[in-house]
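Those protein sequence lines, which keep their order, are chains H and D. The first sequence begins at 490 in my numbering and counts up by one. The second sequence begins at 134 in my numbering and counts up by one.
FYI, nobody ran anything at the bench for these hints, they're computed from the structure. It cannot be assumed that every hint is accurate.
Claimed, not checked - With a straight-line cut-off of 30 Å between C-alpha atoms, the simulated DSBU-like cross-links for lysine-lysine are:
#: 1; chain 1: D; residue 1: LYS334; chain 2: H; residue 2: LYS656
#: 2; chain 1: D; residue 1: LYS353; chain 2: D; residue 2: LYS249
#: 3; chain 1: D; residue 1: LYS437; chain 2: D; residue 2: LYS455
#: 4; chain 1: H; residue 1: LYS725; chain 2: D; residue 2: LYS437
#: 5; chain 1: H; residue 1: LYS533; chain 2: D; residue 2: LYS353
#: 6; chain 1: H; residue 1: LYS533; chain 2: D; residue 2: LYS455
#: 7; chain 1: H; residue 1: LYS564; chain 2: H; residue 2: LYS533
#: 8; chain 1: H; residue 1: LYS636; chain 2: H; residue 2: LYS656
#: 9; chain 1: D; residue 1: LYS437; chain 2: H; residue 2: LYS707
#: 10; chain 1: D; residue 1: LYS455; chain 2: D; residue 2: LYS249
#: 11; chain 1: H; residue 1: LYS725; chain 2: H; residue 2: LYS707
One letter stands for each residue in the lines below.
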Amino acid sequence: MSDAEESPTFEPAAPNTGDEFEPVDVFPDSDDFDLRPGADSCYKCSTCDTNCPVAEVDDDFPGPKFQGPEQWRLKQTDDDYTVDDSIMSCSNCMRCDNACPSGVPLSQMHNTARGEYVSEQMDTLSVEYVRNRILANYRTSAFLASKVPRLANVAMNFGPARWLMEKTLGVTRERDFPEFATQTFREWWADRGGADASRRNARERRERRGEPTDGEKKVAYFHGCYSNYNTPEVGKAMVRVYEHFGYEVVAPEQRCSGTPMFANGMLADARRHAEVNVSSMSDLVEEGYDAVASCTSCSMALRQEYPELFDIDGIEEVAANTFEALEYLRINEDLTGAVREAEVSGDLAREFAYHAPCHARNQGLDRQAVELFRDLEGAGIEDVGESCSGISGTYGWKEEKYEKSMEIGEEMFEHMAHAEGEVGMTECPTCAMQMEHGSGYEIRHPLELLEAALVE
Amino acid sequence: MAIESEVLVVGGGLAGLTSAITAAREGADVRLVSYKQSTLRHASGLVDLLGYTPDGEGPLTDPYAAMADLPDEHPYRTVGVETVREAMSLFDAVTAYDGGHTDANALLPTHGGTVKPTARYPPGAAAGVASDDRDMLLVGLESMTDFDAPHAAAHMDAAGVPFGVRGVTIQFPGDLRADAKVTRYAKLLDTNGEVAVRGRKRPVRDALAERVNPLLEGEKRVGFPAVLGDDRADAVRATLAERMGVDVFEVPAGPPSLPGLRLEDALFEALDESGASFETGNPVVEYEGDGGVERVFLEKNGAKIPVSADQYVLATGGLVGKGIESDREAVREPVFDCHVPHPADRYDWFDEAVFGDHPFAAFGVTTDATLRPLDESGAPEFDNLRAAGGVLGGYDYAAEKSGSGVSIATGYAAGRNAAREVQ
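Extracted from the complex, chain D is given alone in its bound form (with noise of 0.2 Å):
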């Protein structure tokens, strides 16, 4: 025996998920099972599209226009711009998202104090847009030294936004950690806790307003870093702007981040409520089949359980996530072992300048315009294995700003495909 159905998709992150939501809602029966915990909180929480060429031209307004001149080994033009398009729509279907208004890219202010091009934001970070001209403050916290306010707030003025922005630095109110977690403070903030000012309890959203408010200088939007809360986030920042008088915003963080934990909640949501079947905590470590892929195996502590399906899809991430790993002597995706293209000779496979033009960037499988992975000679490896997210080769999500965007249309296309072959 084993577990079964119809689509089994193997990797938990925005690519699998959206693959898994897509199958399940076309009416396949879906599973999905992620090594560990989803990697979208390690993610910002915005989604871009397209914010670069690959030749470094940017930022640019119009990804879905820029998309028919990228090279044809790139994941967009497998699927085409229609199925981007629908890509993301099922995306807005499924999540709270800012931006969907447009096809054009929004500017927004990362903690470095850069402007990045992206084309979903989440609600709570849409009073940061660099297109709005209201001047802003931004506030970080002492303990929190991923965020330096003054320093991004310099930053972004010598970028030239077309608003004065300041940065201050406060002590969060209470005594909480020097090395607090985020969810530490998202949780205070949540559930309204009351914490000790100069001896007197108060509310911490009222605290945390009563410190900001002497240093605005008629500001009418301030940016906190993304930790106003995780369950509730709508209400923190809602009682906090009624309180200053202005709009509040989050600026978008490394990891751990509370914006892509958010996301990772509302997508598992809406992957339950499809109807689909999930579990995380064992890898994929083994599969059977010949032309096509029978069944594949968790491992569980020595224990290695069946899983089996029709349809497959992959979605494992890249180089990071470790669905492509590489030694001294070859790139190789471990769970199907998947051809991927990559120079023989190990020096070819990085630039010498440190923000060069990488080929390991690209690094990983190639596929037919259904997704299924290619092996040395151009056929498909499997009949019933497609590909979607970092798993694929053909572009540079980093220089790009395109990692969120091929997740999601590619995780919709190998969704969709697998969907359709098993009714």
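Chain H extracted, bound-state conformation (with noise of 0.2 Å):
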């Protein structure tokens, strides 16, 4: 029973509702987050375990009710029990978030113990680590890449290389390493003439569309690693889009959002990356812009990832003020209606096998591509389901994950196949790679249907 002072005699047939009653302390030393009512709310429906992607197929994998409130309670009860190894085995799609009625943090859960497993646990001179860690800083080696990409795509996609590099760190050479742009998004922004010229471009549109010129649509784009380095395409088309509708557009220092990093529980990584993120984007917050991602991943990390994991100066503000692209002009503007009224020729105007990838789920946006292009001229949209795409990020790319991966896959593959489209469609870069993988579709982001539709 509780410790709390004079604890009042308790009366059965008339309970002491107390009014003198103060709530007990539990873990009254600690700077963490404090996860017990999260575990105090899991009723056990096991309603997450059915969501679990990577449970439905591999054996050893406990799921996702085991990995937080079981596990996290089991930490509280005994000081000598250690994070089983299974958490390395979660691929952090999230899909258990969305499937609480209990409104239980899973994921923060799990984000908690692997970071706590990998930095107490881990033997940071193992090749499992050593190839985690280079797996989460992708950043680095695409920095790296961008600066010779020709080099790189020839390179990285080099059979014996890749044979070592499985051999060696146990990155799997199924897969091909997705090509670099010969120009990165930020080049093209820079030559462009940055946020000046955005301004420009943002303010003629206003004009022509009637609105106030000097109107605060503003926002502060998030393109994260992918659309710098390998997609630029998406980013311009976030650009074009945006400016469409009169919204001037900033560029802001960032680095990655960190959702490899929590995946692989390199909470440390993730951290120094977000504190920049959070320190270039809370300052444009203050003066009115909201921040918009252009991946769907990279907007969890912002909204709902950075507030449970790290206690950042501004961190809430930002988390309030990120949005998907797609979501923001859909909340802001008569997003339906302008596509409506559109139509679509040219390279775009196709039949897509839409996915809507798992990190979209819980912020509510795994149907709004589906919703909003099924009334446009010219494109049809197919949603393939709702499975999981199987490659979670780096997961896919883990020699000993790649088969899980793949059947994980495989229901996405025969949707797609059965599908009108032979063109893919999704938010998410290690999505795309995964369809292009199973399906050998070129994918595209649903900004560029949007720009093929709208921008003339």
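With the hints as a guide, bring the two chains together.
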């Protein structure tokens, strides 16, 4: 029982509801986020387990209910309890969050446990640690590769090199590394004239739209690593679409959102990057900007994982003012109306097989692309089902996880094969890799279709 | 600006889904928002209309005939028997359920071995009906402690079912974890994946049939826990039936429930086909409007997203679904703060006997004939808000076995009424 001071005599027939009752501070000395309310809210219905794509195929994985609330409780009652190594098989798809009817912060619990496992139980000299660290710090590799993109594209998919990477590092050679763009998004942005050019373009558009030219329509673009180094066409589409609606875009200093670091338990790395991102975004938020991301994992990190895992000045304000690119326009503009009046011709006048990334789900975004584009003339869109693509960022790049990753993805591949379209569409860069890997289709981003529909 | 539609449904359970499908089929532009995934995966997948009267008489043979005698405040009385029938026709049109051929209740075995009166059941449960006099074998899985087949069989036998019933427990073929999820069994059976049996790789459906075959003593139907596939449940049952030479059925189970999940999928598919929009993941936390609801706000990590419509349907569930909340002081409806009648003294909220007649079981909003929630004075809280399903008061679904039926009937009525207002 509790050790509350002067606990009142308990009287079952007329319980003392206690005006003097003072709740007990169970863990008074901890600076960590208090996960107890989350653990207490779990009534073990196991709905989270039915959403776990890994538990569906992996007989060694005990599922999210164990990884989250159950493991947390074990840790409280046994000082010697160490985090179970199965935590490293959680792919951090975060589907369990959206499943829980009790609001248990499952992914926060998983991220916390994984961080503890990696920092306290994992050998930092082990191949697995080194491999995970390299995968998690994709931005570093991408930054280097972007200096010599053509060479990198050849070298990274050179057979013997990949064989060696698999043998020494455990990075599967089954997958092709994504191509690096010869001009990054930021290089293009600077060439184009940066924020000044965007301000001019936006004002011109506002004038043409009959909106006040001094209006406060300004967004800070969180492009993330992938649309900077690999798919700058997505970043360009974002800028052009937003300017079309009269928004001034800025592209502030930024690092990796942290998504691959969370998934690999590299919380110190993630924090270092988050500090830069929060600092640059919170200054802009104070000036009236909203943060907009084109990658659903980036927006998820800024909105949910940052405030759940880090205590950084301004983090709550940044989270509350971060949006995904289509979502922001759906809220603030008549996007549906604009799409209904538009027609697509040319390269993107196609049928698309659309996959909703897991990280779009908690944000309530898994339906927005199909619901928006079903009214678009000239293009068609079909949802390829609710299953996870299976790659989950770095998960499917690990040699020992590759087959599980493909087994999870099988359902999506089948639906893609049955869909009318032979071009894929998704918001998530790694889902796109998996879709391409499993189907051979070219994969596009919704912003590219929006640009083709709306921007002359 | 706001995300706009003509009808906004708050809640993604059976009532909310029925409401949204109905309104969309009536031609309205509909949006459904749900805080989390649908709670249908907590449901057994059986769809009850009315199994017992509020006085505990039953099991009832004809649920429709008993509705006229329900108390005035019962939701079935509010919408009327004809509306219940129309709602069930809609349900039959958008799902592939059995039982619609008759007004009479079917009797289905549950995983506890009781026999439950229900109006509709999934095809996977059909061969288990208790009115069938063929002998039955129940097969439990060692690792799935929720379904104790010998115990369930003994219970059914004691209840006097008109057939012989035995229960056996087997080990599921392959090397699954002791706490493997229902979705793991389903996925393996869906894909007919290979499992190792005495060192030999066998397709799992064959291996399962081969494990049960020697245990058969002439029974012509075999019941398993409800894990027989998800997307390809029909094919899984068909293969097993063919390999075993019997009819195969699933015994509905508690949460997490695959039959509930399959029903959820079927209804969301129907919602999509009706042209409606929907999203899950974020709660409605606030509303604006006086006399009428003007707009509501979804909360996303501190951001308030405005969502507006002409007509609103509240289908957030009851005490379990958190559509009705209580603390030591009062009972509340948290989204629109609608009036929930309840005794001032909380000791009058429950009965002292555990299985007694608890007043709290029937707590919920009261409505006018068009399902608009009423305030304390008996006037509509808002002119454009209707309520459906568990958030309604005046019935005890657990005792009556009326939960699904009330959700479908009131969801249908609320959706239809809302759609007619916007036309």
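Requested in this report: Output the numbers, in ascending order, of every earlier hint that fails for this structure.
Outcome: When the structure is compared with the hints, only number 5 turns out to be violated.
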